Amino acid sequence: MIWIVSLLVFIMLASALAVLLLPNMLAAVVASSVVSMALALLFAVLKAPDVAMTEAAIGAGLSSLLLALALKRLGLWKLDN
Amino acid sequence: MRNVSGLLFSGGLAFLLLVMVAQLPFGQPLMLVGQQILQVSPNEVGTANVVAAVLLAYRGIDTLGELAILFTAASGVGLILGHLYSANSGSNKKVDKSGFITLKGTELMVPLLLVVGFYIIFYGHVTPGGGFQGGVILAIAFFLPTLVRSDAHLDHQLINVIEGLAGAVFILIGLWAMLYHHAFLQPFFNSVFVKGHLGDLFSAGTLPLLYLALGLKVGAELAGLLSMIADFPELTGEQNK
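As you go down the protein sequences, you meet chains A and V in turn. Residue 58 in the numbering used here sits at position 63 of the first sequence, and the numbers go up by one each step. Add 25 to the 1-based position in the second sequence for the numbering used here, that's all there is to it.
Bear in mind the hints are in silico, worked out from the structure with no lab data behind them. Any given hint could turn out to be false.
[As the list claims (entries may be wrong)] In silico lysine-lysine, BS3-like type, Cα no more than 25 Å apart, as pairs:
(1) V:LYS122 x A:LYS73
(2) V:LYS220 x A:LYS67
(3) V:LYS129 x A:LYS67
Here the structure is a predicted model, which is why all the values come from computation and not from measurement.
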């Protein structure tokens, strides 16, 4: 149990670091979606299914979609940092 | 300089949070009312999902506040990004650049998303899920064709009507409970909305209706919000002059 939680926390920290360090902006949006997905898995492992479903739907789905649409409207779709 | 001050502030915030967490006993629930809710809820409210009972029966006013927050956010985005849709139909037409896989995949996914979304909403009081989660999935199902195909546009009049009606139905069901001398937004039982057995679809009185209104409102709201952001004309350098 502790190994699964440690692995998920490590994935979250690594993806959050990747958001800061990746040059491509679209890849940074995808990395933030990975953070939300790992958090949803952590909630599911901690036996909170409602919160896990909400986090998966909103964090991994809607929030990344919103950021990607905003990037497209700003014309930063293919720009490197 | 700005990075150092940012680091100091976040370090201070982390320190405060750790101090708060260190005061709490590890492994024991904090809230005393949670144990009582767990004992009383299956007989009193009748849902198999206790989280749904807390969200709608014991703390229904907070759910109404959450609806108000979502409505305010969507209205704010609509004020900033809304524009005359009739004037925009011809000028910024997207060329149908989506490939074959995207188009056919969307055609397969939209019915699946609708079924999953409505299933999560309808069974929200039995299995984990509920109005918010199902509503977000419904919003994606409504929004996805407008993103992929160039000839599909979201009917904003219909979306606004659905959103307004669903919000009004939520409040009206809450007021209806007051006619039976209950509190505002308390789920109640009469001959049509029976109490039922624990774990049935038709159980817990009017609580599934509240979840349905909630899910439709959230879905319509988020679909309209995403469509407004997606349809906004692309900012180029010349527009800043």
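Here's how the hints hold up against the structure:
1. For the suggested pair LYS122 of chain V and LYS73 of chain A, the alpha carbons sit about 16 Å apart, so the restraint of at most 25 Å is met.
2. Our distance criterion of 25 Å between C-alpha atoms is broken by LYS220 of chain V and LYS67 of chain A, whose separation comes to about 50 Å.
3. Straight-line distance between C-alpha atoms of LYS129 of chain V and LYS67 of chain A comes to about 23 Å, which keeps the hinted pair within the 25 Å bound.
Hint compliance for this structure: hint 2 is the single one not met.
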